[in-house]
Structures are given as structure tokens and as C-alpha cells.
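Here the structure of chain A is known, so what remains is to put chain B in place on it, guided by the hints.
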Amino acid sequence: MKKLPGNYRIRQQRITYKRNSRSCRKNKKKKHYYTDGSGFWNYEMIQAPGVLDFSYHAKRHHEAIVHFAEHLHKAVADRRNVLIDFSDTQIITPVGATYLYSEIDKFGDNVTIKFKGVVGLIKDILIGTGLSKLCGYTHTSAISQRQYWIPVTRGIKDEGLDKMTEFLIEEALLYQQLESDNKSEAERLVSKAIGEGMLNVAYHAYPDSEEEKRFWWVMAYIYASKLYIALCDRGVGIPKTLKEPGLFEPLMKRLSLGRDDGKMIKAAMEYTRSSRSESGGGLGSSDIQDLVLKNPKGRLVIVSGRGFYSLQGENKENKKEKTLEMKNDIRGTLIQWEIPLAGSA
Amino acid sequence: MSETEIDLAREFTDRPFGRYRKDGERSAEIFRDDMLKPALDEYDRVIVDLGGTNYYGSSFLEEVFGGLIRAGFEKETLLEKLEIRHENLPSVVEESLRYIEQAAAG
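Just so you know, the sequences run in chain order A and B. For the first sequence, the numbering used here gives the first residue as 1, with consecutive numbering after it. For the second sequence, the numbering used here gives the first residue as 1, with consecutive numbering after it.
Bound-form chain A, shown alone:
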């Protein structure tokens, strides 16, 4: 019997999808509705972007990601069931999946969300982050048997911070990577970075929400010898917080930043407790930075509002920062710490 190539099934799926899409357009049907006979009638199909990653290297894909999230947001807000098609997705990172998770978890309560074109690494990431489970799938894969991740968890204040810290210290052996033989110091470094991020969500992200609804989503994942930690919220975003009259006005005047969201995130990172405002408290920025500044190859990325900020460096005096202004607002904040781990799986 003739052996089929490994990607035969994917190719066939793509051909079927393209054929059906052409047919829909030709017949002037609603092109978003999936009609290939696989049972997902009345699902609005949304194409996932080719790259679902918020790193600096993926900056040209940010617009597509935000556009995808907006499309998804609009569909679930209108209570339409959604079929997310990953057939054209080449790269999805755990951090990108965390952003998607928060979108579905926050807004997708009364709809059914299904996936299409989920294979290989994409499947692993969706399982590992818990996105599959959130959408009602019971998939398992080889990667899910390994305890190298903490799936995305939703919480308020510092819920689960100790569990997360314990995982990072014990499982990821992060204290070795931080060039510290002092486990206590490493524990503090990790807990204060994530904890201050969580505190920022409680203080700044949702100015109009009740305290018990000021949610964040957190995740840790070890992949390709790198540890990723992501903390995400769906609040107003750091730039908007800085634009609030009164709270950070002196800082804004001093820095003359204009309205560039990327530079505003950078300004927030320069804001320390020494310039603490009576009305809001500092942003705990140095705690958030310290975790990567202890590791020369570590990287901190913050995407918030329409701004993008990345930081890499050995210490506060010798650090490389990049900022970008994106076209679209991600409606929230995503903080990601990326730390290389020597000898990890």
C-alpha cells in the first residue's frame, strides 16, 4: 500500500477549507460560517493568525493577533458559537495561548468554542496551557504527561502565588539559573516579581470593577530550554492608567512622553516606590524587572494597550530597552518573563 506523506491530513484539510471558502464566496453565503460537513453548523469560523506570539521578533504579527482577538471578542459578545481554525498557524507560544485563554475565559461564558486544524506543537500548547480543557476538550498528549508547566489559572490578588513560586523554584530549579546558591533569595525574586504584577492588577487594571472581579491569568511553561511566565489581565492597560488625571501627572510632565503607548510602558518601568503617589501606590516596576535583570539572557516583554516594551540586560545600568507603538489596543496587559534554562527539556 502506498505510504502517505506525514502532512497528508493537514494538506487535505487545507484543500477542503479553501475549496469550501471559495464555494461560500461564490454562492455569496456568509463566508465565516463553517460548512464542510464535519458537524460544526452554525459556528462562526475565525482564522487564527499565522503567528500567535507577542515577542519583539513577532512584531509584524501583532496587528493580526489583535485583529483576531477583536474578531473573537465580537463573536462571543454577540453570543455566536465559534470555530477557531488553526490550520494556517505556524507558531503559537504558551504566552500567546495565555492571551487567547484570557479572552475566552473572560468573555466566552455563554458560547461554545471549538478548534480546527489543531496538530503537533499547537495541540501540545493548547493542552499544556489548559485552553483545550477550557473549551471542553479532553485531549491528552505526550507533553501533558510531563510536569513542565502550570496551566493558565485565573485569580485575584495573590491567589496561587505560593504554588507558582514553588513550581518555579523546585521544578524549574530557577534558583540555579539565577546564579544564586541562596534559595531564599531566588524565592523572593520570583514571588515579588509575580506578586507585584498581581498587585498592579488589583490597583490599576480595573478602576471601575469590584475587587473580586479584578482578574488576572497566570501561566508558567518550560519549552525548548526556556522558562516562560506570563501574567495577563484584561483591564484598561498601563498607558491608560498613566493618562489618568492626577495619579501619574508629575511623571508624565517630567518625561514629556506624548501619547506613545510603548514609551508610556517604559515610563511606568522607571516609576519606583520613591516617587510613590498617595492616591495609588507605585507600580512595583523594579520587582518586575529584577527577575530578568539577574539573568543576562533573560527577557521581559510587556504588551499593554497599544504599547510594546521589551527589556534585556545584566543590571539596571546596562540594559537594552525597546518600545513600539502598535495600531490596535490589546485591551489589557500581558507581562511575560522569558528565562533560558541550561539543561532543561
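Hints are supplied without guarantee of correctness; some may be wrong.
Said to hold, decoys possible - Straight-line alpha carbon distances no greater than 27 Å define the calculated DSS-like cross-link-like pairs of lysine-lysine that follow:
#	chain 1	residue 1	chain 2	residue 2
1	B	Lys22	A	Lys213
2	A	Lys116	A	Lys74
3	A	Lys294	A	Lys327
4	A	Lys294	A	Lys226
5	A	Lys294	A	Lys59
6	A	Lys243	A	Lys316
7	A	Lys59	A	Lys157
8	A	Lys106	B	Lys22
9	A	Lys59	A	Lys106
10	A	Lys59	A	Lys297
11	A	Lys240	B	Lys22
12	A	Lys297	A	Lys319
13	A	Lys243	A	Lys297
14	A	Lys294	A	Lys183
15	A	Lys163	B	Lys22
16	A	Lys74	A	Lys133
17	A	Lys106	A	Lys74
18	B	Lys37	A	Lys157
19	A	Lys59	A	Lys322
20	B	Lys22	A	Lys243
21	A	Lys157	B	Lys22
Said to hold, decoys possible - Now the stretches of chain A that chain B is said to cover, found in silico as 3 or more residues with beta-carbon under 8 Å:
#	segment
22	56-64
23	126-135
Stated by the list, open to error - Far from chain A, some chain B residues (derived; all Cβ distances over 12 Å):
#	residue
24	Ile30
25	Ser59
26	Glu76
27	Thr77
28	Glu80
29	Leu82
30	Glu87
Hints were generated in silico from the structure; no laboratory data involved. Note that the Cβ used here is the ideal one computed from N, Cα and C, for glycine as well.
Positioned in the frame of chain A, the structure of chain B alone reads:
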């Protein structure tokens, strides 16, 4: 000379979190106002042992120790009366003292 010791992890919480009272019962403001300030008012010397936990965010430490200055304590009085300890983390002690200095400098 009267002296007392406060073991934060044992007597207050081993998971300190948040600045303000509204952040919950493990917050800096509650520790400062309900435990530390009364002790400073009553005793000539107060030892604050921060050991037993490493979960100290900068916000918590700043609100406890910088907050003492904002609450009306003089820097000199605090440095004389207050002893801060942590058996494993000298950085936590240094940071706490720095917040006193910074708050005093305005």
C-alpha cells in the same frame, strides 16, 4: 530599657501581601498600624524579625517601614529603636532601611 520582638511570619502571616488595609488582612498597613506602631509606642526597643518567609514584595516593605515616617515617626528615633532582622535575606533588611531613608528624604 524595655524591649520586645515581633516575629512577622509567626505572629502575623507567612504570606504578606499588599499595601493597604483594603488589600486584606495580610497587608502592610494592618501590620504597621496594629502591631508595629503600638510596639514602638510602648517599648524602647523593637526587634522585627522578618525571617520565616521570603514572600516580601517591595510594596509591602515600603508601606511598613516608609509608612512609619509618613505616620509621623522621626528617622533618627526609628533607627535607634528599631532593629530589623532576616536570617537568610540581608537584602530584605537593607531594603527596609532604605525605605525609611527614602521616606524621610521625601
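Comparing the hints with the structure gives:
Taken as a hint, the Lys22(B) and Lys213(A) pair is honoured in the structure, with Cα atoms around 15 Å apart against an allowance of 27 Å. For the hint linking Lys116(A) to Lys74(A), the alpha-carbon distance of about 19 Å falls within 27 Å, and the restraint holds. Only pairs whose Cα atoms come within 27 Å are accepted, and Lys294(A) paired with Lys327(A) is rejected, the gap being roughly 33 Å. Between Lys294(A) and Lys226(A) the alpha-carbon distance is near 15 Å, which keeps this suggested pair within the 27 Å criterion.
A C-alpha spacing of about 25 Å is found between Lys294(A) and Lys59(A), which places the hinted pair at or below 27 Å, so the restraint holds. Between Lys243(A) and Lys316(A) the alpha-carbon distance is near 26 Å, which keeps this suggested pair within the 27 Å criterion. A distance of roughly 31 Å separates the Cα atoms of Lys59(A) and Lys157(A); the hinted pair therefore is violated under the 27 Å criterion. Using a Cα cut-off of 27 Å, the hinted pair Lys106(A) and Lys22(B) holds, with the two alpha carbons roughly 25 Å apart.
A C-alpha spacing of about 25 Å is found between Lys59(A) and Lys106(A), which places the hinted pair at or below 27 Å, so the restraint holds. With a CA separation close to 20 Å, the supplied pair Lys59(A) and Lys297(A) stays within the 27 Å bound. Annotation: proposed proximity of Lys240(A) to Lys22(B) holds, straight-line Cα distance about 23 Å (limit 27 Å). For the suggested pair Lys297(A) and Lys319(A), the alpha carbons sit about 11 Å apart, so the restraint of at most 27 Å is met.
Straight-line distance between C-alpha atoms of Lys243(A) and Lys297(A) comes to about 32 Å, which puts the hinted pair past the 27 Å bound. Using a Cα cut-off of 27 Å, the hinted pair Lys294(A) and Lys183(A) holds, with the two alpha carbons roughly 14 Å apart. A distance of roughly 24 Å separates the Cα atoms of Lys163(A) and Lys22(B); the hinted pair therefore holds under the 27 Å criterion. For the given pair, Lys74(A) sits about 22 Å from Lys133(A) by alpha-carbon distance, which is consistent with the 27 Å threshold.
Distance hint between Lys106(A) and Lys74(A) is fulfilled; the C-alpha atoms sit about 13 Å from each other, no more than 27 Å. This hinted pair checks out: Lys37(B) and Lys157(A) have alpha carbons roughly 26 Å apart, not beyond 27 Å. At roughly 11 Å between alpha-carbon atoms, Lys59(A) and Lys322(A) fall within 27 Å of each other, so this suggested pair holds. Taken as a hint, the Lys22(B) and Lys243(A) pair is honoured in the structure, with Cα atoms around 24 Å apart against an allowance of 27 Å.
For the hint pairing Lys157(A) with Lys22(B), the CA-to-CA distance comes to about 11 Å; that is within 27 Å, so the pair holds. Only residues whose C-beta sits within less than 8 Å of a C-beta in chain B count toward coverage, and the segment 56-64 of chain A has 0 of them, not enough to reach three; the restraint is violated. Coverage of the segment 126-135 of chain A by chain B is violated in this model, with 0 residues showing a Cβ closer than 8 Å to a Cβ of that chain against a need of three. Even its closest Cβ contact with chain A, about 14 Å, leaves Ile30(B) beyond 12 Å, as expected for a residue assigned away from the interface.
Distance to chain A contradicts Ser59(B) as a non-interface residue, since its nearest Cβ pair spans about 6 Å, not more than 12 Å. In this structure Glu76(B) is separated from chain A by more than 12 Å, as the shortest Cβ-Cβ distance comes to about 20 Å. Listed as a non-interface residue, Thr77(B) keeps its Cβ farther than 12 Å from every Cβ of chain A; the least gap is roughly 21 Å. Remark: the non-interface label on Glu80(B) is consistent with the geometry, its nearest Cβ contact in chain A lying 23 Å away (cut-off 12 Å).
With a least beta-carbon separation of about 19 Å from chain A, Leu82(B) lies farther than 12 Å from that chain, consistent with its non-interface assignment. Some Cβ of chain A comes within 12 Å of the Cβ of Glu87(B); the nearest lies about 9 Å off, and the non-interface call is violated.
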